[in-house]
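**Q** Protein sequences, first through last, are from chains G and E. The first sequence maps to residues 1 to 296 in full-length UniProt numbering. The second sequence maps to residues 1 to 157 in full-length UniProt numbering.
Please keep in mind that the hints were generated in silico from the structure rather than gathered at the bench. One should not assume that every hint holds.
[To be verified] List time: in silico DSS-like cross-link candidates among lysine-lysine, alpha-carbon distance up to 25 Å: (1) E:LYS112 to G:LYS276; (2) G:LYS290 to E:LYS34; (3) E:LYS34 to E:LYS112.
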Amino acid sequence: MLRLLKWLVLLGVAGLGLGYWFTRPATLDPLAMDGLQGDAEAGALVFAAGGCASCHAAPDATGEAKLILAGGHAFPSDFGTFYAPNISPDPTQGIGGWQAVDLANAMLFGTSPTGQHYYPAFPYTSYDRTSMKDIADLWAYMQTLPASETPSKAHDVSFPFSIRASLGGWKLLFAGSEPTAVEPTNAEMQRGQYLVEVLGHCGECHTSRNALGGVNYDAWLGGAPNPSGQGRIPNITPAALDWSEADLVEYFTSGFTPDFDSAGGEMAAVVENLAKLPESDRAAIAAYLKMVPPVE
Amino acid sequence: MRLAKKFITLTALSLTLSAPAIAQDAKAIDGAVKARKAQMSLYAFNLGILGNMAKGQADYDAAVAQGAASSLLALIRLDASQMWPAGSEQGAAAGSRAKPEMWNNMNDVIAKAMAMQAAAEAMDGAAGQGLEAMQAAMGGVGGACSACHKAYRGPKE
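Here chain G stands alone, though its shape is the one from the complex (with noise of 0.2 Å):
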């Protein structure tokens, strides 16, 4: 009886052991983007597509201060209060001890420099197939910002999500993402398709998740319930947005929709980063989400 005990005991050691090993935070080779020389200024755009300053900026940042990445930002969720971390220049504070291919890690694969998995809150579910030129890029620019000495304030989520080594199951079961059914037929559309599904993480708050948050892909920018409080993020699939092209570019360059409403909450956010791109990304947007299929 105590030595089946001891098997069983040893089994579950191992058996967790073998969990861990699987769901273990992944990492590129650590020189993986060594010889990939960043260009700041390219990065700058990768910086307003991606929308990094609308949550990594201090709350009430405005203008220029929007530079300054001190978090802050508080993401109220099911599973808890998320709060943006200081992703500034700062050694101590920021990540200013960092490398590029720390920041590649983070992105593709939402792991930390220590080999912690980062929260989904971070969207590396979409940013996971960010171009490894786009990330030399955006590092490059990210080094040119303002450091800031705010600390990080720590998350506020519950048991179980509090540990965070059971977040690797949650990536073993949600994360990598893969393009949608969305097929492109031209370089535009592809555009398009890499600016909507990876750098601007749109299907994040467009796209319905189920009971444990992984994003439901059946009904890609559908819509889905306000995570942060009331109403519902719209549907912007054809099926709901009967916006032409030539509207779509408007609104993401003014943000007056075609009634001459103006975005609002998180969107009008969104329309700030957009307004910086060039014309043609914002008209690849648009080519992209008029092919995308109907969700009713």
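With the hints as your guide, set chain E onto chain G.
**A** Only chain E this time, still in chain G's reference frame:
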């Protein structure tokens, strides 16, 4: 005189908004929400006249543009002191999309309303002065609309 009136209006607004939640008649709240939406519709209608000209979807007409800009300015000057009663936030009042944060940040709300008024005044001065002047004033108006919507409007139900 105008400044004094503005001051009284804004003071009244801040008092209404910062006063502890007084039990409001549901019908009065419903009326306030409807009045707000009516005001917003009139903003959009007049902005549409200007915006369609700015985008080249309508021919520029100085008199029509000036009329729309004057209406916009008249709208922002409406007395809003009774239009935002406690209990008329999204989730509490049907059809409302005003975030509850509005009532905790009244100084900022008033600052944003003043910015909207400044943008509307600039548009009022520019709209009749040619297409380019009008187009140049459009960004300020859009920015003022968006600044408040960004902070204080929730998504549709």
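**Q** For every hint, state whether the structure bears it out.
**A** Results of checking the hints against the structure:
{"no.": "1", "hint": "E:LYS112 to G:LYS276", "in the structure": "holds (23 Å)"}
{"no.": "2", "hint": "G:LYS290 to E:LYS34", "in the structure": "violated (34 Å)"}
{"no.": "3", "hint": "E:LYS34 to E:LYS112", "in the structure": "holds (21 Å)"}
Of the numbered hints given earlier, the model fails hint 2 alone.
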